[in-house]
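Listed below are the residues making up each chain.
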Amino acid sequence: MSRVEFMQGNTACAEGALAAGCGFFAGYPITPSTEVAEHMAAKLPKRKGVFVQMEDEIASIAAVIGASWTGARAMTATSGPGFSLMMENLGYAVMTETPCVVVNIQRGGPSTGQPTLGAQGDMLQCRFGSHGDYSIIALSPSSVQEMFELTAKAFSLSERYRVPAFLMGDEIIGHMRERLTIPDSVEVAARRRLEPGTLPYTAGEDGIPGFPTFGQGYGVHVTGLTHDERGYPAATNPRLHEKLVMRLVHKVESARKEMADYVVTNPGAEQVFISYGAPARSVFQLLHDRPGEEIGHLRLRVVWPFPEFALGEFPDAKTFLVPEMNLGQVAREIQRHTDVPVIPVPRLGGDLHPPAMLAKALEASR
Amino acid sequence: MRHEVRFSGFGGQGIILAAVILGRAAALYDGKHAVQTQVYGPEARGGASMSAVIIDDEPILYPEVTVPDIYVIMSQEGFERYGAKAPAEAVMVIDSDMVEARPACRFVEVKATSEARITLGKVIVANIVMLGAVVATTGVVSDAAIEKAVLDSVPKGTEKLNLAALRKGMELVRVKKP
Chain A
2 MSRVEFMQGN TACAEGALAA GCGFFAGYPI TPSTEVAEHM AAKLPKRKGV FVQMEDEIAS
62 IAAVIGASWT GARAMTATSG PGFSLMMENL GYAVMTETPC VVVNIQRGGP STGQPTLGAQ
122 GDMLQCRFGS HGDYSIIALS PSSVQEMFEL TAKAFSLSER YRVPAFLMGD EIIGHMRERL
182 TIPDSVEVAA RRRLEPGTLP YTAGEDGIPG FPTFGQGYGV HVTGLTHDER GYPAATNPRL
242 HEKLVMRLVH KVESARKEMA DYVVTNPGAE QVFISYGAPA RSVFQLLHDR PGEEIGHLRL
302 RVVWPFPEFA LGEFPDAKTF LVPEMNLGQV AREIQRHTDV PVIPVPRLGG DLHPPAMLAK
362 ALEASR
Chain B
64 MRHEVRFSGF GGQGIILAAV ILGRAAALYD GKHAVQTQVY GPEARGGASM SAVIIDDEPI
124 LYPEVTVPDI YVIMSQEGFE RYGAKAPAEA VMVIDSDMVE ARPACRFVEV KATSEARITL
184 GKVIVANIVM LGAVVATTGV VSDAAIEKAV LDSVPKGTEK LNLAALRKGM ELVRVKKP
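Chains as they are written, first to last, in the numbering used here: chain A, 2 to 367; chain B, 64 to 241.
No lab work stands behind these hints: they were computed from the structure.
Be careful, since some hints might not be right.
[To be verified] Partial list, computed: chain B residues near chain A (C-beta under 10 Å):
| no. | residue |
| --- | --- |
| 1 | V102 |
| 2 | E121 |
| 3 | G202 |
[Stated by the list, open to error] Listed below are the simulated SDA-like cross-link pairs for lysine to any residue, each with C-alpha atoms no more than 25 Å apart in a straight line:
| no. | chain 1 | residue 1 | chain 2 | residue 2 |
| --- | --- | --- | --- | --- |
| 4 | B | K211 | A | R192 |
| 5 | A | K361 | B | V130 |
| 6 | A | K44 | B | S216 |
| 7 | B | K211 | B | G94 |
| 8 | B | K185 | B | C168 |
| 9 | B | K219 | A | R192 |
| 10 | A | K258 | A | T320 |
| 11 | B | K219 | A | K361 |
| 12 | A | K258 | A | D352 |
| 13 | B | K211 | A | P184 |
| 14 | A | K361 | B | V217 |
| 15 | B | K148 | A | D352 |
| 16 | B | K211 | A | E6 |
| 17 | A | K44 | B | G94 |
| 18 | B | K219 | A | P316 |
| 19 | A | K244 | A | D262 |
What you are looking at is a predicted structure, and each value in this text was computed from that prediction instead of being measured.
In this text, a Cβ means the ideal position worked out from N, Cα and C, and glycines have one as well.
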C-alpha cells in the first residue's frame, strides 16, 4: 500500500533517497537544506544505514565518495556556501567515476546571501564548478512529489552512468508542504559490477566501466590523476588524457535522449516558456489563468545534460521565454541551440515570479 | 473554492505547526489540495512569525499566498505586520489576550492564551485553541479532519490535551454565535 503524507519538500527528498536504497549520508547542516540531513539522521540508522555529521562540506563529499566505493548508495545535501566547498571533490568524483547524489537546496547568493530564501543561482556551478572539462547530471523538482521522485531518479542515473547526479532544488519547493504519495517501492538501476579479469577502467561502447566494489576481492587504485585502464597514474600522456576526458564527457552527453525528462504543453504555440524548478509553478498559473491563449511550456525535470532536441517539440516557436531565479543561466544554454529569440525573465530576491510578471514578459515579447 | 489562510504570532507560539495541521487536515482528510508555506528568516525566533495555507478543490499551481481571506492572529506585532491590511471581505480570528488592535474586517475574539493556560493548564496549546476557533468560524476544513490532523501531529501522550484544546476553541466560537 502506498502511503500518503502532507510533507515538506526536503523531507520528501530524504524519503526519496531512502526509497532508492540510500545507505549512507554524510553532511554538514546548512539552511535551507538542513531538514534533509535531519530526516536522514532520524531514519537511516534504523535501517542499518550510516549517517555522519561531518566537520564541513569538504569532508562530507569526501566521505560520500568513500562510502560509494564500498558499494553504498551515498548522498549529501547542502546549499550555497557548502556547495562551493564541495567543488574540488566533485571533480574527484567525476574523474574516479563515483556514483553519488548531491542535493543542493538553492538559496540566494553570492556568499552567505539569503539563507532562508530561494534561488536557482547554482545551475551553472553544478555544471561547470569544478576545474577541467566534464559532464554531470542535474534534476530540478517543481513540487514536493517531484522532490521524492527526482531524488530517487538521481540515484538511478548516478548508479547507471557512474557520475555525480545533482538534485537542484530550491528553498521554495524544499520548505513548502504538499501532499506526497510514497509508493511501496521504487526501481533504481544498479551499478554494473566489474567482470573479474577486466581492467577497472576498461569501458565498452557506452563508455561506462564496471564497478570494482571495495572489499569484494578486486585490487584497484583510485586516483584523481589522469589514469590508464588499470587505474594507474599516467598524467603525462597527452592522448591518454584526451581519451579519458572525452569518455567521461561522452558517456553522459551521448545518453542525453535516454536521460531526457521534460513535459511539453501546447506544442503548437508561438510563445513558449521554458522552466525548471519552482518558477514552473508561476508558468502553470499563467497558463491556467489564460485558457483561451495557446502559450507553450517546456518544463525540464532533467536540466543537465541539456536536452536540446526538446526545443524541436515547438516547431512554430517564435520566442522562448525563460523565467529563472537567476540572471539567465539556463537561458544562455538554450541560446546556444536555437535561432529562435530567447528572452531571459530573471527574478532575484528569493520569491517566485508573480504570474503577472510573466504575463508582462509575454506581452512585451509579442 | 479557494481559501488562503494566514497565521501570525511570535516565534514559539506554534504558528507554523498550526498551519501544518490545517493543511494536513485539508490534504489528507478532506480530500482537498493544500500547500503550506512560511516566512522564515535567520532572525525569526521571538520575532513576528507568519505561516500560510492555501486550500483549494483544484490543484494549487502558484504556491504563494496572494490575498488571504482568513487570518489567525496571535500577537500584536503579528497583527501589525501581517493582519492590519486585511481586506474588508476577510475574516480574522484574534487571540484577544495577545492582540489589542482590531481590524476593519469581520473578526472573532478568542481568549486562546488564557484558556490554554488556566482552563487547560498548558499555555503551549493556545495555537490549537485558535485552530479550533478558526475551523468553527469558517468551516475551512471539517471537524473530523482537523481532529485527525491534530492527533497525528502532536507528541505522543499529549493527544487528550490537544483534543481538549481544539474542542475548547470550537466551543468558544460556537457559544458566541446566535
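A quick look at each hint next to the structure:
no.: 1; hint: V102; verdict: holds (9 Å)
no.: 2; hint: E121; verdict: holds (9 Å)
no.: 3; hint: G202; verdict: violated (20 Å)
no.: 4; hint: K211(B) / R192(A); verdict: violated (43 Å)
no.: 5; hint: K361(A) / V130(B); verdict: holds (20 Å)
no.: 6; hint: K44(A) / S216(B); verdict: holds (18 Å)
no.: 7; hint: K211(B) / G94(B); verdict: holds (13 Å)
no.: 8; hint: K185(B) / C168(B); verdict: violated (31 Å)
no.: 9; hint: K219(B) / R192(A); verdict: violated (42 Å)
no.: 10; hint: K258(A) / T320(A); verdict: holds (24 Å)
no.: 11; hint: K219(B) / K361(A); verdict: violated (51 Å)
no.: 12; hint: K258(A) / D352(A); verdict: violated (33 Å)
no.: 13; hint: K211(B) / P184(A); verdict: holds (22 Å)
no.: 14; hint: K361(A) / V217(B); verdict: violated (45 Å)
no.: 15; hint: K148(B) / D352(A); verdict: holds (21 Å)
no.: 16; hint: K211(B) / E6(A); verdict: holds (13 Å)
no.: 17; hint: K44(A) / G94(B); verdict: violated (28 Å)
no.: 18; hint: K219(B) / P316(A); verdict: violated (58 Å)
no.: 19; hint: K244(A) / D262(A); verdict: violated (29 Å)
Checked against the numbered hints given earlier, the structure breaks hints 3, 4, 8, 9, 11, 12, 14, 17, 18, 19 and satisfies all the rest.
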